[in-house]
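K.L.:
Taking my numbering as reference, the numbering of the sequence shown is continuous, increasing by one, and the terminal residue is 268.
These aren't lab readings, by the way, just hints derived from the structure by calculation. Note that the structure is predicted; figures quoted are calculated from it, not measured.
Only pairs whose alpha carbons sit at most 25 Å apart, straight line, appear in this in silico BS3-like list of lysine-lysine:
hint: 1; residue 1: K114; residue 2: K228
hint: 2; residue 1: K29; residue 2: K9
hint: 3; residue 1: K266; residue 2: K255
hint: 4; residue 1: K112; residue 2: K228
hint: 5; residue 1: K29; residue 2: K13
hint: 6; residue 1: K112; residue 2: K224
hint: 7; residue 1: K224; residue 2: K114
hint: 8; residue 1: K15; residue 2: K29
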Amino acid sequence: MSHLPNNLKLLRKRKHRTQDDVAQALSIKRSTYSGYENGVAEPGVDGLLALSRYFHVAVDTLLTVDLSALSESQLYQLEHGSDVYIRGSGLRVLATTIDQSNRENIELVPEKAKAGYRTGYADPEYISELPRFQLPFLSPERKYRTFQLQGDSMLPIPHGAWVTGEYVTDWENLVTGQACVVFTLDDGIVFKIVENLIREEGILRLFSLNPLYPPYEVPVGEIKEIWKFVHYISEEIPDPVLPEEKLLSTVAQLKNEVERIKSRMKSR
Numbered sequence: 001m002s003h004l005p006n007n008l009k010l011l012r013k014r015k016h017r018t019q020d021d022v023a024q025a026l027s028i029k030r031s032t033y034s035g036y037e038n039g040v041a042e043p044g045v046d047g048l049l050a051l052s053r054y055f056h057v058a059v060d061t062l063l064t065v066d067l068s069a070l071s072e073s074q075l076y077q078l079e080h081g082s083d084v085y086i087r088g089s090g091l092r093v094l095a096t097t098i099d100q101s102n103r104e105n106i107e108l109v110p111e112k113a114k115a116g117y118r119t120g121y122a123d124p125e126y127i128s129e130l131p132r133f134q135l136p137f138l139s140p141e142r143k144y145r146t147f148q149l150q151g152d153s154m155l156p157i158p159h160g161a162w163v164t165g166e167y168v169t170d171w172e173n174l175v176t177g178q179a180c181v182v183f184t185l186d187d188g189i190v191f192k193i194v195e196n197l198i199r200e201e202g203i204l205r206l207f208s209l210n211p212l213y214p215p216y217e218v219p220v221g222e223i224k225e226i227w228k229f230v231h232y233i234s235e236e237i238p239d240p241v242l243p244e245e246k247l248l249s250t251v252a253q254l255k256n257e258v259e260r261i262k263s264r265m266k267s268r
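With the hints as extra help, turn the sequences into a complete structure.
P.N.:
Laid out in structure tokens, this is it:
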């Protein structure tokens, strides 16, 4: 059974469009489009391609996937270019959990669970065993996960803090200077400031807030997940003032980074 009629109705209402709006955009009669939604008519190949372009959803998805069964964040990602049939390997399939109201949970990855996360990050059974909760002030259209921070590389955010991130599907448009949780199989879960060099060099350059830790580069092929920083929770109050030696080191590093960026801009 084709899911096309119900999917068209769902997608149209999510775009706040009338049947007249869609029909006019596709240069067809309203009665023709209404027939698609009511299941009394089927579009041809050209019609399916036009519907796919209009809703930014692949033909195969329109026909075979019951979109009403997806969560809000999954629908949002689908409508914003994450369709597996359109992007192919560019889509990162995320194992996730939902509550009884079909709302996305925020899974909690404590320090003791990080080792298991390396092998279980894509396993729905493993993800379902993680603690989970809800934060009502976060958008239901996004997917979030919370990770426990370890070490002092991101001071003044303290060791043991809980960092919540928003799942990133489009890595190429990640903004340089954004704090992110980056997950690779080699390094595991790290919390860093990113410099996005994916288009130019196929890498992310990762920086710590603590200037004692030097930056390093990660090839994009080694990255499994990226979570954009939203907030953190800690029982400790961060030190508002850097010690003098750290402040001097920070200033020196910033000067070096400015000179490096200037040099790169001149070479272009």
